[in-house]
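Colleague: Spelled out from the first residue to the last, the chains are:
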Amino acid sequence: MDGNISKPKVQEGVWLWLLKVLFGVAIAVLIAVHFIVNHLVADGGLLTYQDVINYYKIPGIAAMEIAFLIFVVIHALMGTRSIFLDLNPSEKMLKIINWGMLVLGVAAIAYGIWLAQVIAGR
Amino acid sequence: MENSPSSSKFMRWFDPRYRQVGTWAFILNRVTAIGLTVYLVLHLFMLGKLAQGPEAYDSFIALAKTPLIKFGELLVVAAGILHGLNGIRITLNSFGVLVRYQKQIFIILLILSVTAIAYFAYFMFFLA
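Chains A and B are the protein sequences, given in the same order.
Here this note's numbering is used: the first residue of the first sequence is 1, the next is one more, and so on.
Here this note's numbering is used: the first residue of the second sequence is 1001, the next is one more, and so on.
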């Protein structure tokens, strides 16, 4: 039985594995919130530019969307890293992968926060 | 090394025979993961149109209302539901919860997913 359950891969490290798992659970909750507020609180959905601007005027929305973005980006990068680990990268290759993921993650989150600020400011 | 990559092993990815339920669950999780990651990238680029102003965003939304894009969005919803429910199963199993019933739980979550996806399909194409 023990061989059948999910556990950290070789080279993954237990904390990164735990982060991937816990962020996955957090995303399951936040995606429900993201969906409900996107489609129900904003009446009829966010189908025009003006809808989105009005939506971001609701207090807490920008913070919720940014939190969601951070969880999703990190979970997606961890998951992508898991796929690379299945291909048994060399130490050198893994280092390149790690730095690539860090740069991509920081860039995606910075971009998302910038975008949320731009929209909230209009 | 037993776990080292080789081209013959790579071709076995595409051989559907002799797979067990757990393997299908793994494949489902990985395929949906890749799909959702691609969607995340597209979604972030698409939302960038908000910074360009009303015309850019509204013309994108007009494109998003075409049947082909809506079908793509349904695939994203389907991937999200399957990956999310299966992920919850994997998390519970990882902490030793319900490990004995993982196959049954997988079948149940598949049924739940199909129901939810059918509802979304109906909603997106007939109500929205």
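Check before you lean on any hint, since a few could be wrong.
Stated by the list, open to error - Calculated lysine-lysine pairs in the DSS-like style (CA-CA distance at most 27 Å, straight line):
| # | chain 1 | residue 1 | chain 2 | residue 2 |
| --- | --- | --- | --- | --- |
| 1 | A | K9 | B | K1009 |
| 2 | A | K57 | B | K1049 |
| 3 | B | K1065 | A | K9 |
| 4 | A | K9 | A | K92 |
| 5 | A | K57 | B | K1065 |
| 6 | B | K1065 | A | K7 |
Think of the hints as simulated: they come from the structure by calculation, not from any bench.
Colleague: Does each hint fit the structure? Answer for all of them.
Modeller: Against the structure, the hints come out as follows:
1. Distance hint between K9 of chain A and K1009 of chain B is fulfilled; the C-alpha atoms sit about 19 Å from each other, no more than 27 Å.
2. Between K57 of chain A and K1049 of chain B, the direct Cα distance comes to roughly 18 Å. Compliance with the 27 Å bound is thereby established for this hinted pair.
3. A distance of roughly 42 Å separates the Cα atoms of K1065 of chain B and K9 of chain A; the hinted pair therefore is violated under the 27 Å criterion.
4. As the CA atoms of K9 of chain A and K92 of chain A are separated by approximately 18 Å, the hinted pair is consistent with the 27 Å bound.
5. For the hint pairing K57 of chain A with K1065 of chain B, the CA-to-CA distance comes to about 25 Å; that is within 27 Å, so the pair holds.
6. Taking the CA atoms of K1065 of chain B and K7 of chain A, the gap is about 41 Å. The hint is violated against a cut of 27 Å.
Comparing the model with each numbered hint stated earlier shows that hints 3, 6 do not hold.
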